[in-house]
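Protein chains: 4
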Amino acid sequence: MSKRKICAVVTARPSYSRIKTALLAIKNHPELELQLVVAGSALLGRYGNAVDFIEKDGFVVDEKVFMVLEGENKTAMAKTTGLGVMELANVFYKLKPDAVITIADRFETIATSIAAAYQNIPLIHIQGGEVTGNIDEKVRHANTKLADIHLVASEEAKERVIKLGEEPDFVINTGCPSIDLAKEIKENPKLTFNPLEKYGGVGANVDWQNKGYIVVMQHPVTTEYEAAKEDVLKTLEAVTELDIPTFWFWPNVDAGADGTSNGIRTFREINKPQNIHFFKNMEPQDFLKLLVNSKCLIGNSSVGIRECSYLGVPVVNIGTRQNRRQRGNNVVDVSYDKEGIKEAILNQIENTKISSSTIYGDGASGQKMADVLSKIPLKFHKTITY
Amino acid sequence: MSKRKICAVVTARPSYSRIKTALLAIKNHPELELQLVVAGSALLGRYGNAVDFIEKDGFVVDEKVFMVLEGENKTAMAKTTGLGVMELANVFYKLKPDAVITIADRFETIATSIAAAYQNIPLIHIQGGEVTGNIDEKVRHANTKLADIHLVASEEAKERVIKLGEEPDFVINTGCPSIDLAKEIKENPKLTFNPLEKYGGVGANVDWQNKGYIVVMQHPVTTEYEAAKEDVLKTLEAVTELDIPTFWFWPNVDAGADGTSNGIRTFREINKPQNIHFFKNMEPQDFLKLLVNSKCLIGNSSVGIRECSYLGVPVVNIGTRQNRRQRGNNVVDVSYDKEGIKEAILNQIENTKISSSTIYGDGASGQKMADVLSKIPLKFHKTITY
Amino acid sequence: MSKRKICAVVTARPSYSRIKTALLAIKNHPELELQLVVAGSALLGRYGNAVDFIEKDGFVVDEKVFMVLEGENKTAMAKTTGLGVMELANVFYKLKPDAVITIADRFETIATSIAAAYQNIPLIHIQGGEVTGNIDEKVRHANTKLADIHLVASEEAKERVIKLGEEPDFVINTGCPSIDLAKEIKENPKLTFNPLEKYGGVGANVDWQNKGYIVVMQHPVTTEYEAAKEDVLKTLEAVTELDIPTFWFWPNVDAGADGTSNGIRTFREINKPQNIHFFKNMEPQDFLKLLVNSKCLIGNSSVGIRECSYLGVPVVNIGTRQNRRQRGNNVVDVSYDKEGIKEAILNQIENTKISSSTIYGDGASGQKMADVLSKIPLKFHKTITY
Amino acid sequence: MSKRKICAVVTARPSYSRIKTALLAIKNHPELELQLVVAGSALLGRYGNAVDFIEKDGFVVDEKVFMVLEGENKTAMAKTTGLGVMELANVFYKLKPDAVITIADRFETIATSIAAAYQNIPLIHIQGGEVTGNIDEKVRHANTKLADIHLVASEEAKERVIKLGEEPDFVINTGCPSIDLAKEIKENPKLTFNPLEKYGGVGANVDWQNKGYIVVMQHPVTTEYEAAKEDVLKTLEAVTELDIPTFWFWPNVDAGADGTSNGIRTFREINKPQNIHFFKNMEPQDFLKLLVNSKCLIGNSSVGIRECSYLGVPVVNIGTRQNRRQRGNNVVDVSYDKEGIKEAILNQIENTKISSSTIYGDGASGQKMADVLSKIPLKFHKTITY
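As they're listed, the protein sequences go chains A, B, C and D. Numbered according to the UniProt record's numbering, the first sequence spans residues 1 to 386. Numbered according to the UniProt record's numbering, the second sequence spans residues 1 to 386. Numbered according to the UniProt record's numbering, the third sequence spans residues 1 to 386. Numbered according to the UniProt record's numbering, the fourth sequence spans residues 1 to 386.
Any given hint could be a false lead.
Copies of the same chain look alike in the list, so a pair counts if it works inside one copy or between any two.
What the hints assert, rightly or not - Here are the computed lysine-lysine pairs in the PhoX-like style, where the Cα-Cα straight-line distance is at most 20 angstroms: (1) Lys96 x Lys64; (2) Lys342 x Lys295; (3) Lys64 x Lys94; (4) Lys211 x Lys295.
Just so you know, the hints here were simulated from the structure itself, not pulled from any lab data.
Working from the sequences, and respecting the hints, build out all of it.
Structure, rendered in structure tokens:
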């Protein structure tokens, strides 16, 4: 019997952490064959060269798809997506997969969905059914409506996808593979590397070993593009004033990337903050190890909502980006306000009541996904249930 | 006060009938300004040159977008859509509309949706909430999830869009503008032209004036691509054997176009049917006049479900294409079976119990749409209601 | 030692005949490896499905590139070329050839040239240095200036390429592989098939076996687009009036295709010429066999200039398309004039003075090309010689 | 009589200086109408936002074309060009110019050429007939073969274009509009602004006012991509060791951009050179003023060959990028060698024998161009002269 060919499309660094253990489980499953496509910003040095980590993890990349159009505006984002549809249509025509995986809700993930659905290839959507704001909210639910099989990360998400008119037999709560990685880290939390030495980066040579440290990761919020620069300045000022050793991570790509990045760059040149060190990128496991040993994560990354809930790391979540995503008790929400951010950080780094949560999975999601994909009927035809 | 700029994208001949009276009402509304984009197959002679009818109706076309990629396969359909996203992103960047209209569920309509949504332009989706099968089912509901405002054609559709998690205040049942055209015809049903003289076409010089006639319009069903040719042959054989004067309309473009078209072409060359005359295209009003004076419409066109329900024209609906679309009592469904088709036609042309229905509108939908669009808050940010 | 990977891109039916024996010789050469890309109209049924012939000849197609944009205008031609650059850039990135072959002067061949040259892949141009009119004139010489190695078809062409500033060591007169095919036919000229039975087609059931026949192949002339329909009508009228059994071949794709095709279609429907049978396509060998047994070839195909000079078949060459291409004594030139065409045909079918010519090669060009490609230094850097 | 619509496509910052006075003269000419398209890197902040300078100079930009694909490789360069063809085909379809101007030899300029030539729009090529190495050498001469009218910058260039088979009547030596700008500066050379204050930038606060300064501008050499980083390090080391106040300009975009940029960025972080200040961009006039007051220009910019020959500024030209471009006596050539660069700079800043040259024009080129374009027959059909 021939193996089912499962083709996954990874378009960005953070998406890789969301799927890595599932890719491993598919690759090793006796009834499955993995086809791996790396596309978009995952191929670009400016956004952390995810492809290098992927290959280092032992994966063979079947196709690399260059599709990111430059331009500091939303038009470029739309055109990147259109180009992605064209390129991925070619890729699927050539690879002839039995099913295609599209991951979550980044703007370009709909390109994967269209290229597969329009060629009558069964489409598997990972991490549907969640709620945020902005364009990713639209993209996620549109992906759900284009997909045939839904592997969701929580019970709440499962219910929501079913409410959207999907057949319950094809909506499975596998949890999120990112929790699998968090579990490994939780079981072995010792920080075995010096981040400054291993990853270089720029900025102050902070004394993290003696004083402890906080971590910041703040992405631009697409529909508030113009304000991206201003928003990030609030956090920069708050963190600078607190004067706690800080590891700050560069944002990943989308239309506002340059707004946020410019904010950071300008602030650095002018203020030369003495307590912040900046990284462009870090291997996912190292990043989690850094987090589990940190005093607090600040920003608007979904890692704070998801992995940190399992790890029990305190989080100060800023702004609307993670609105309505289900939270553990590790998260405190604040708005773009310097004093509010400072106060929340000071509270969170003293917070002793945070417990570990399994709302996003128990650490075996990747294997569950592979098992589902080896057995579930593959179809590309559906009608709404109501 | 400046007028709201409403940009509508028409991508195919049948879509134009679904929006024409709304375009007129927008154009004439004191608080609205119409921006008209004609794209895809609506620009191509092979698919009936819809653009010519549009300009003849007095509309100024602001942009023409050539985006149809050749290829007798579904890959081309996907790539056409990707190219559409890129091209329409440019168009909206340039026209800077206050809102964009995407129509119904053809595969390329999602290009309009993405190009608008990704640029934070409020998106209005016309005719969401219906149910069919195939790829258009996926496209329609994905359009709903990308759109901010929903102008639906029936109460059933309204309820379904709300169930999909859209805010009720932004889901309005305006009915379908195609019924507006049907109303005009119903009020003045006399056939004032000779179709053979006015539209040429090819095939037999049928005696429609003395014997009456039936009309056939059968489109390929996308996900049953390979079977498209076989399917149409069943109808060709049934109609040829019945020997009733027949006006047959060429299918519109999608991946299976050449399957269906080849079927028709081959059948013609070999069988030279003496009771069938073939047309490539007809002005929408003339087509409706032809229908209202016909004995029966055969095929799988949505015109049979929609306009004919209002007009009270008997319909033999073949196959799955209109599955689960709400029907009046004018429709009988049959499968791809020569004898079944013949029998259904014979029954329907004697059917005297057909009444007119307003399930898809009462003939004033275009004006209702324009009125809604002049007043409704325009936003591009939404979250699911549950 | 690893073999040199030579990647040839075939974009149209007529191009295949121009390269076929070279492809065979490359495939069979101990120091070469053939990579074959089939693209553009060579993949489309509407233009003769060249890909089917290619695969039937035993070639493995490494990549198929769908890139033809629909539209009855020159904008579509330009956009097809642009899309071709994007697609072929991907293909070469993936195949990593040691050299790329671009063939002659069709509009889309410059896409191959750019995709190779811009990625620093040595570019081999076949059949540069000739002279015609129209856009192909510009394309051919631009290809020459983008290419590193030039395999030309005649001494005159060689001199011209050198005059264009190319290094003489990289300009080799191999002759044209199409003459290799002609040689096979000349050595075994018997018409072993019935064209009507083998190729179907449409139109009159002409009595070619008893009365002999002429062959017509007329392509649109790109820069005289509007006149394409009118031009072809002159030939149709002339041939109809002569009433000699005629095999007429459909034109291949470019912007004017529909002008010429519409002309033919309209003329057929109205005039139903009783002496013309129309073919869409024919295997190259069969086509040459048909030619060598014909009384005369009419139209503007380069086959008349090239293969027919070797075969000694009389040709009536109409219009400007082959202007300034070197001719044997088998060609008579006429303009778009019904009476002139008629007179020329009548003269040519009686012409007994035609000899065979080797100006375009002696029948061993394919092998010569492979031998050159196995030895010549591969470079992608050049500067003009003056 | 209606004005001739002349459409110029500016794709990069340096191209703008090469055409600016011609654009002004066209705009002001009574028989011409300027259509201005800004495309590619000219729209991007990363490459100096040329579009801002263009609009500040009073030009109305008719279309903005986003077409730069990200990717640190040559595949992206090719795909950018393909996308450019598609986009510019649309633009010309819409603007319907009477003639299109393509400028010089950047890789994406061939997109302009194809989009115009394929739509039968007369194509004017500026600055053909020069000789360099690398991909721009191929692009320039391919542009020549696609163009109908040639406005060249020197007598040598004129002869070369004619040798390429172009009709002498359509090859006109107008000189280069960049010399027009140089002339203005030469007539009024006083440095009226403080570059550090007006343009910010990063790096050392050099004492240019008292000690004088040198200027560096080094671009990556495309076909030596891998070496781009290494090459620039030689210059950085040489200049750092000389310890003369230095204004260093960021390279403009092409495939190697990130190689060179990375080299500069890394060197800065590690070595923190105390005599170098880095600028991203400068208004052309200000840049020329900076040059005319400098001790020497170092690098491989064509400004050194062209404007500096007229201005009489000493130049140390590094590497092969300007190979075979005609030089005045202001240029000394060196290879990528630290000691060689140092020595050449020290010699040049003492050189007193440099004279002004008019080989690239006398300062009235823009007006000459406009005059030619108002009178010359516009055609899109040509054949090679031999």
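Verification of the supplied hints:
1. Lys96 x Lys64: Close inside one copy (16 angstroms) and across copies (14 angstroms); limit 20 angstroms.
2. Lys342 x Lys295: within (14 angstroms within a copy, 52 angstroms between copies)
3. Lys64 x Lys94: both (13 angstroms within a copy, 9 angstroms between copies)
4. Lys211 x Lys295: Only inside one copy: Lys211 and Lys295 sit 10 angstroms apart there, 51 angstroms across copies, limit 20 angstroms.
The structure meets every hint from the earlier list without exception.
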